[in-house]
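Residues per chain, in single letters:
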Amino acid sequence: MKIPSRITTLITTLIAGVLLAMVSLWYGQNHGLMPVEASQEAAAVDGLFNMMMTIATGLFLIVEGALVFAIVRFRRKPGDNTDGPPINGNVPLEILWTAIPALTVLVIGIYSFEVYNQMGGLDPMAAHDHPVADHNSMVAMREDVAVGLGASPAEQDKAPNLTIDVMGLQYAWTFTYPSGFVSGELHLPVGQDAQLNIKAQDVLHAFWLPEFRIKQDAIPGRVTELRFTPTRLGQYPVICAELCGAYHGAMVTQLFVQSQEDFDAWQAQQVAQGGAPAQVAVQPSEYLAPYSQEIGATAEAIAKLHHH
Amino acid sequence: MTEATIAPAEPTRRWWHYFTFCTDHKVIGIQYLVTSFVFYLIGGALAGVIRTELATPAPDFVSPELYNQVFTVHATVMIFLWIVPAGAALGNYLIPLMIGAKDMAFPALNAAAFWLIPPGGILLMASFLVGAPQAGWTSYPPLSLLTGKAGEFIWILSILLLGTSSILGAVNFMTTIWKMRISRMDFHSMPLFCWAMIAASALILISTPVLAAALILLAFDLIAGTQFFNPTGGGDPVVYQHMFWFYSHPAVYIMILPLFGAISEILPVHARKPIFGYRAIAYSSLIISFLGLIVWAHHMFTSGIPGWMRMFFMITTMIIAVPTGIKIFGWLGTIWGGKIALNSPMLFALGFISSFLIGGISGVMVASAPFDLHVHDTYFVVAHFHYVLFGGSVLGIFAAVYHWFPKMTGRMYNETWGRVHFVLTFIGLNLAFLPMHQLGLQGMNRRIALYDPKFQALNIVCTVGTYILAVSTVPFLINMIWSWAKGPKAVANPWQALTLEWQTSSPPPIENFHTTPVMTSGPYDYGLGRKKADFSFLKRKSIAPEAG
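Those sequence lines, one after another, are chains H and X.
First residue of the first sequence: 1, per my numbering; consecutive thereafter.
First residue of the second sequence: 309, per my numbering; consecutive thereafter.
Just so you know, these hints were derived from the structure itself, not from any lab.
These numbers were taken from a predicted model, which means no experiment stands behind them.
One thing to keep in mind: the hints can contain errors.
To be verified - Here are the simulated distance ranges between beta carbons: (1) H:Phe69 - X:Thr534: 30 to 38 Å; (2) X:Val772 - H:Tyr287: 16 to 24 Å; (3) H:Ile15 - X:Pro796: 47 to 55 Å; (4) H:Gly274 - X:Leu349: 44 to 52 Å; (5) X:Trp616 - H:Asn30: 33 to 41 Å.
Unchecked claim - Some chain X residues near chain H, calculated using beta-carbon distances under 7 Å: (6) Ile430; (7) Leu431; (8) Leu451; (9) Gly612.
As the list claims (entries may be wrong) - A short list of chain X residues far from chain H (calculated; beta carbon distances all over 10 Å): (10) His382; (11) Leu424; (12) Pro427; (13) Trp486; (14) Ile490.
Quick reminder that beta carbons are idealized off the backbone N, C-alpha and C, glycines included.
Produce the entire structure from the sequences given, and follow the hints as far as they go.
Encoded structure:
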C-alpha cells in the first residue's frame, strides 16, 4: 500500500515536534550547568535560567536541524545547472517568524522582570535606608544613590537581620560587622536576611557569590548593596569579578554559611579577640596560598586597614 | 544584471600601487583587507599566549602583569584592527562596484582613512615596549589611571586614530550609497550589502564621536590630573562606562552588520534562489542599527545603575532578538528548496548562521538582568561574544573573502584547501568557545591569570581548540598567497551571480566598468529564466570551485 507523501510528511513533522519538545523540556531541567543553589535568589534565577535553556534548546534544534536538513536535501546535484524556484518571500510566514520571537522575548522579559523584582532589584527604599558616613575610604561617599539588590517586595518594611559593611581593595575583601570587628572572610547565619553595603577603596571590584547567583560592582565613591538570604550551610567562594589589577584572579575569599549557634560563637570569639592581627580571620583557598604576599590578603594587612 | 560587454583586461594596478596613497577604492579595499588580516594574525598570536597561560591554573607562562597587557591588546587588535577594518575593506571594495559607480564619493578621504590604520596599529604594538595598557580593552577608570600609564596613553592615541579612520570611512560609504547609484537602481533594488553598510555607517557616525570624547577626557585624567572620571577628586567612573558603552555596544553591530550584508549576498548566489524576504532583511538592518543605540547599559547591569534602568535596558536588548531572528529565518528561507553548492564561501556562510545562532541565543540570556547578575564578567560572557564575533563576524569575513576572491584577484582559490580551512576553523571554534559557557556558569570569572584548579579540564579543551584555530590559518594563508600569485585565471562571473560587481572583468578595470553598466534584472532574480546558471566553466582544466 502506498502512503501519500503528504501524510508521511505530516506524521514525520508531528513526531519530530513532539520529540523536540520533550528533548528541550528535559534538557532545560537537567543541563547540570549551574553550581549548587545556596540562596533564595539562586532558586529564582535558576528557574529563569531553566526556562531560557528550554527555549534555547528548542530553538537551537529547530534552526540547526533546518540548516542541516536543507544542506542535505537541497544540495545541488552534479550536472544540474539550473536555478532554484524564484520564491521571493512569503508574507504570512515572515509575520509568523517575527511574531514568535517577539512573543518569546516578551515572555522571557516578563519572567525576568518578575524574578528581578522578587530579588529586591526594584526596592524603592534601597536608595535611602542607609545614610553613609565612611572614614576609612579615601574618597568622599555620595549619599544619594545606592544600587544593587534591596529588599524583596515581601520584606520591604522590615530591616535586614544583619547588616555588614564590605570593602573591596586590591586584592582582598574586608567585612565590618555591626559589633565593630573586621574580618577577612564572611560568615552569615543560615536563613537570615543579610544586607551587604559594598564599597571600594581603590579601583572597581565586583562582589560575586556564584552559588548565590548574585553580583554587584564595588565602586569607589559610591555605596552599592546586596540583600539576600542564605539557605544552605557550607563554605562558598567570594570572588572579585571586575578586573582590578594583576592579581585580580587571586581576589577570592570565603563565605561560611553557619547555623545561628555556630555564627554566634564565631562572632563572640571575634569580639573577644578585638581584631588583633593574628586573629583576623583569613583563610585563602589552598591554590591561592603561594600568592598571599602579592595579593596583600594577609591577616596583618587586613588588621592594619581596620586600625586606620 | 547588465549586458555590459566584457573587454579584454585593461592595464590594472601594479603591485606597488598597493603600498602607496592610491585613491582607487579597489586598491584601498585590498589594503584594508590585507592590513587587517596581518593584525588578525597578531591578535591570534596574543590569544595563543592567553590560552597557553590558562592551560594551567597557576600564572606560570607569563607574569600576571604581562597577562593583563596581552588580553587588553588582544581585544583591541581584534576589534579595532581586524573586524572593524575588515568590514570597511568589504565596504570599500564592493560598494562602488555593486551600485555601478566608478569610485567612492571622496576617494582621497578614503585613502586618508586607510592610512590612519597602520600608524594606529604600529602605535598600539609599540606600547609593549613601554608596558602595554593593562586595564582591559574597556579601560575602566580608576584602574586605567593607575596601571601602565604610558601604555594607556598610547592606547588612547591609537584608538583615536582608528576611530577617526572609521568615521571617515562611514562618511564615504553613506554618501556613495546615497548619491552614486546608477540611475535605475533605487533603494529597493540595491544589494542588501549596501543596506547593511548604511546601517553600520549610521552607527559609526553617531556613536564613535562619543567614544572619542570619553577617551579624550580619560587622557586628561591620565596626564593632566583632571578629575572627570577619577573618584578621588569627585569624578565618576560610572559616567565613563556609559560613554564607553554608548560606542562599544553599537561597535558590536558595526562589526556584524557588514557581514550580515555579505551573507545576504553569498547565500542566494550559491543556493541559486532569490533572497527570502528582501524588504524584511533590509529593514531589519536599520532596526538593529536604531535599537543598537539604546541598549548600551546592559553591559552595566552590575554597575552603578538603578533598578529601573536595568529593566529598561533589559527590555530594549531583548527586542533586538526580533530583527536578528528575521534575518536568520530569512536566510534559512533562502537556502530552503534551493540548489546549494557546498563550496568554501557557502560553507563559511552556513557556518556563520550556525555559530551566530548560538551567540544570539546566549545574547538573549545575558540580556536578562537577573541572570546577568550571575554571569556578568564571567567566561559565559566571553563565550557569548566569541560566538558573535568569531562564529559570526570572522566566519563571515572568510565567507566574503572566498566569495569575492576571484573578483578581487582575477584568479581562483583552491577549493580543497578552502574546505580544509573551514573544517579546522569550525572544529577549533567550537572546542575553544563552547566549554567557556559552562566555565562561566560554574564560577570562573574573566580576565584572570590564575584560577581555581577545579576548572582546569575545560580550560585545556579551550586551549586545544585555540591551537586548532591557529593551525587553521595555515591552509588559508597558503591558499590565498599561492592562488593570488599562481592560481588559475578566473572568469568575470564564475558564480553566475546577478549583482553588478560580477558584470565586469575580474579584476575590474581602473574605473570599474568598461561601459556604463545597466541594470537588466534585480540583484537576486534567480530562477526567472533570464540567465540560467552556467557551470560549464567547472569542466575547464584546474578550475573547480565546487564539484558536488
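Now the hints, each set against the structure:
Range check, phenylalanine 69 of chain H to threonine 534 of chain X: Cβ separation about 60 Å, and the 30 to 38 Å hint is violated. Remark: the range hint 16 to 24 Å for valine 772 of chain X to tyrosine 287 of chain H is upheld by a beta-carbon distance near 22 Å. Taken as a hint, the range 47 to 55 Å holds for the pair isoleucine 15 of chain H and proline 796 of chain X, whose Cβ atoms sit roughly 48 Å apart. For the pair glycine 274 of chain H and leucine 349 of chain X, the beta carbons lie near 60 Å from each other, so the given range of 44 to 52 Å is not met.
The hint said 33 to 41 Å for the Cβ distance between tryptophan 616 of chain X and asparagine 30 of chain H, and at roughly 35 Å that hint holds. Here the hint on isoleucine 430 of chain X is broken, as its CB sits about 26 Å from the closest CB of chain H, past 7 Å. Given hint, leucine 431 of chain X at the interface with chain H, is violated; its Cβ is 23 Å from that chain's nearest Cβ, farther than 7 Å. For leucine 451 of chain X, the interface hint holds, the least distance from its beta-carbon to any beta-carbon of chain H being 4 Å, beneath 7 Å.
For glycine 612 of chain X, the shortest C-beta to C-beta distance to chain H is roughly 5 Å, which falls under 7 Å, so the interface hint holds. Separation of histidine 382 of chain X from chain H is adequate, the least Cβ-Cβ distance of about 14 Å exceeding the 10 Å criterion. A cut-off of 10 Å between C-beta atoms confirms that leucine 424 of chain X is not in contact with chain H; the least separation is 29 Å. Look at proline 427 of chain X: its CB is around 28 Å from the nearest CB on chain H, clear of 10 Å, so calling it non-interface holds up.
The claim that tryptophan 486 of chain X lies off the interface holds: its Cβ sits roughly 25 Å from the closest Cβ of chain H, which is beyond the 10 Å cut-off. Listed as a non-interface residue, isoleucine 490 of chain X keeps its Cβ farther than 10 Å from every Cβ of chain H; the least gap is roughly 22 Å.
Violated hints for the displayed structure, listed by number in ascending order: 1, 4, 6 and 7.
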